[in-house]
Amino acid sequence: MTRIWLLLTGVLAIIIFATSLLVVIPNTMIGQVRIPTQLADYTAQQARGREVYVSEGCVYCHSQQVRDPVYTSDKERGWGPRATVPSDYVYDKPHQLGTMRTGPDLINIGVRQPSEQWHHVHLFNPRSLMSWSIMPAFPYLYTVRDSASIKAGEVFYSVPGGKLPAGKVIVPTADGDALVAYLKSLKRTYPVPTGDEPAARSIGGRSEHTMP
Amino acid sequence: MSATFPPSVVALASPITDMENLDIRLRADASSRQVALRAIAFSVVWLLVGSAFGLIASFKLHMPDWLVSNPALTFGRIRSAHLNAMAYGWASSAMLGVSVWIIPRLVHTELRVPKAAEAGLYFWNIGMVLGIAGILAGYSDGLEWLEMPRYWADPFFVIGGGLVGLSLLSTIAVREVDHLYVSVWYIMAAFIWFPIIFVVGNWPTYSGVESAAVNWFYAHNALGLWLTPVCLAAAYYFIPKILGRPIYSYQLSLLGFWTLGFFYSLNGMHHLIGGPLPTWMITTSVVASGLMIIPVMAVGVNQHMTLNKRFGALRYSPTLRFIVFGSVAYTLVSLQGVFMAFREVNRLTHFTHVTVAHAHVGLYSFVTMIMFGSIYYILPRLLGREWVSEKLISWHFWTVGIGQIVYLVPLTVAGMFQGVAMADATSTWEAVVRAMLPGLIGRSIGGMLLTIGHCVFAWHVFLMFRGGKQKQGLRPFHEVAPIVTRRDKASFVAGGVK
Amino acid sequence: MLPSSLTVTLATTLLGLLTVAVFFLAWKRGQFDRISQQALLPLDDDDVSVARPWETPSQRAERVEEFGPPAKGSTPGIWGGAQ
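Chains as they are written, first to last, in my numbering: chain A, 515 to 726; chain B, 4 to 501; chain C, 11 to 93.
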C-alpha cells in the first residue's frame, strides 16, 4: 500500500517540480520582458501572413533566432546585427523559433530582402531564382493569368527560369500578399530594450501598447 | 483496497505454482484481449499511414517540385502529419495496447473497467483522424509535437488517454500482488505524466519565448515521460520473461526509474540552446541532459548483465531480437543526446539533420523496435495461434534493420556536413544545401526499406488476425522452430522460443 | 498560473518533503526488504523451471539449482526439448 503512495507522490512531485521550474517560474518572470518601442504589433495583413506561415509549416525548415555571436557564426552570416532577445518575440503567438535550418534564418529577412517581387517569385517557385533550392513551391498562393488579361493597377509578376509558360504571369492571392507582408515585417535590428519600456504581459501575450 | 498478503512469505521466495499462474495468465489475457487486439490493429494502420507521409516528405526534400499543387501535400504539412501519425498514432496506440496487456499480468488480476479502456482507444483514434485532417487542411497549432488543433482534436486525446489510464489505475488499485514490479511503476507514471504535460503544453495562453519554453518542455517530455517509460516497461518485462531469469539488479532498476523521471523532465530546453531564453533555463536543461547518464547506464547495465552470456537467445526469439535491438538503441540514443546537449557540440548539430537522425534513433530504433518485439510476443497469446511464417518475421527484421542504417548514417553525415558548412560564415547557402543533398537521397532509400518492412509486418499481422488454415491441435505458445545453424543441427531436435 | 514564485517554492518543497516522508515510511514498513525477490514477479513456473535451447550445460545446472528440476519433460517442440 505504501509503495503506491510512494509512487504517486514521487511521480507527481517530479512533474510539478519540472513544470514549476520550466513553465511557472518563467511565466512569472515574463513581466520583466520589455516591449521594444521600435517594435510594432503585426497589422491585420501581417498577422494573416503569419497564420499562412504557420499553416504551411515554414518553421520546419526556417528558424527565427539569431544565436550568440560569441560562439556561433549567425551574425557573421548577416542574419542579424545582434543575438535576438525575448523582447523581439512579444507579439509572436505561437512562437516560430524553429529547430531546423534547411533554409536560412528569417528573423531579419525583412531587412535582407525587402523586395516584394523577389518574395512573390521565390514563393511561386524557388527554383526560378535558384536552381539548387530544395524549398517547396507554393503555386496555390498565386493565380496564373495571361499577361494580356491584366488590367490597369493590378499587381502581377513574371517568373524567370522557365517555370512559367511564355505569356503568363502570376497574381498573388490575398494569402500570398499577406505572407509576403509578414516576411517583410520581420526586422529585429533595433537595439535591445533598455528596461524603461513597458513590460509585456504574460497572459494573452498581447500588450495594450501598440504603435500606429 | 490493498492486496491481501500472499498465503505465506515463502511465496515470494519461489515462483507460484503451475496451475495458479497459468490460471492467472489466462484470466489476465482474457480480460485485456479485446482492447489490446484493437489497439494493436489501430497502431499498424497508423504505421502504414505514417510511413506513406514520411516517404512523401522525404522525397520532397530532393524532388521539391513533386506534388506541389495541392496544399494538403506541401512539405510543411505532410512532415507534421508524419510526425503526429507516428508518435500518437503508431507508437502511442501500440503502447496503449501493450500497457493494458502487461498490467493485468503483473498485478495478477483482470483488467478493470475494460469498456472504459476500449472507449478510450476509440476516442484516441478519433482524435488522430481529426488531428491529421486538421494538419493537412492547414489548421496546425504551429508548435512542434503539438500541431493537432487544440480545441477540436486534442480533447479526444485527453479523454481517451484518461479513460485508458482510469482502467489501468483501477486494475492496479485492486492488485493481487504484494509488490509492484518495475514495469508497473513505469506504466503508471507514464499515464499520470502524459495528461499533465499534454494539457500544460497545449494551454493556449503562452506567447513569445515563453511559448517556446513550454513547447519544448512538452515535446521532450512526450519522449521522456510518455514514450520512454512504456517502452522500458516492455523491455523490463519481456527480457526476463523470455530468458527465464530475473533482472540482474532490481535496485538498479528502481534507481533508474527515479533518476529518469527527475532528470528527463528538466531536459526540454536543450532544444533551444543558443536561443533567446534566460541562460539559467538552458543551463538547467544542459546539466539535466548530462545527468541522464545515470538512468541510462542503470538501464543499460541491467539489461546487458541480464542478457550476459545468453545472447544466443536472439537466434531463437524474434521478440528478443527486436527488443534487445531497441534496448541497445536506447543506450546509444541517450548517450548521443547527452553529447549533443553540450554547447560545443550543439553549436554544430543544432538546426541540422543530425537532430532529425537522432530523433529517429530514438523513435524508431528504440520505441518502434520495442513495440514490434512486444507485438510479436502478445499477438500469439491473445489470438491463440502461432505466427504464420518465420520467413516474414525474418524479412521484417532484416529490412527494417538494414533500412535504419541506410536511413540514419547518410542523414547524420548530411547533417554534419550541413552543420560544418553553416558554421563557416563564408560558405553560401547553396553550399549548405548541396552538402546535405546526397544524405537526403540516402535517407529516402532507407525510408523505402523501412516502409517495405512495415508492409511485410502489416501483412503478417493481417494473416494472424485472419487466422484460418492453421494446423489443428496447435497449442497456444507452441514455439516457432529456431534458426538452426549447421553447428546446432546435429544437436538440436526441434522447439524454440517466441 | 500562480503569479508568485514564493508560493511555487513552498508548494514544491512541501511536495518534496512529502515524498521523502513516504519513502521513509515505506522503508520502515519493510517495502524494500527482499528486493531482489521482487524481480521474480513477472516470472511464472514455466518460465523459470524449463531449460532454454540456447543455454550451456552449466547455465542449465544453475537453473536447476536455483529453481528446481524442470517441470516439463523433454518433448521435442516444447520448452526443454533441446538436447
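Don't take every hint at face value.
[What the hints assert, rightly or not] To give an idea of the interface, some chain B residues facing chain C are shown, with a C-beta separation under 10 Å as derived from the structure:
1) Tyr-240
2) Ser-256
3) Trp-283
4) Thr-287
5) Val-290
[Claimed, not checked] The following residues of chain B were derived to be distant from chain C, with all beta-carbon distances above 12 Å:
6) Val-71
7) Ala-75
8) Ala-119
9) Val-132
10) Leu-172
11) His-182
12) Ser-186
13) Pro-243
14) Gly-247
15) Leu-317
16) Gln-339
17) Leu-385
18) Ala-434
19) Ile-444
20) Cys-458
Derived from the structure by calculation, the hints contain no laboratory data.
Note that the Cβ used here is the ideal one computed from N, Cα and C, for glycine as well.
So, going through the hints one by one against the coordinates:
no.: 1; hint: Tyr-240; verdict: holds, 5 Å
no.: 2; hint: Ser-256; verdict: holds, 8 Å
no.: 3; hint: Trp-283; verdict: violated, 13 Å
no.: 4; hint: Thr-287; verdict: violated, 14 Å
no.: 5; hint: Val-290; verdict: violated, 18 Å
no.: 6; hint: Val-71; verdict: holds, 42 Å
no.: 7; hint: Ala-75; verdict: holds, 36 Å
no.: 8; hint: Ala-119; verdict: holds, 25 Å
no.: 9; hint: Val-132; verdict: holds, 32 Å
no.: 10; hint: Leu-172; verdict: holds, 18 Å
no.: 11; hint: His-182; verdict: violated, 5 Å
no.: 12; hint: Ser-186; verdict: violated, 7 Å
no.: 13; hint: Pro-243; verdict: violated, 6 Å
no.: 14; hint: Gly-247; verdict: violated, 5 Å
no.: 15; hint: Leu-317; verdict: violated, 9 Å
no.: 16; hint: Gln-339; verdict: holds, 29 Å
no.: 17; hint: Leu-385; verdict: holds, 17 Å
no.: 18; hint: Ala-434; verdict: holds, 46 Å
no.: 19; hint: Ile-444; verdict: holds, 41 Å
no.: 20; hint: Cys-458; verdict: holds, 31 Å
Violated hints, listed in ascending order, are 3, 4, 5, 11, 12, 13, 14 and 15; each of the other numbered hints is respected by the structure.
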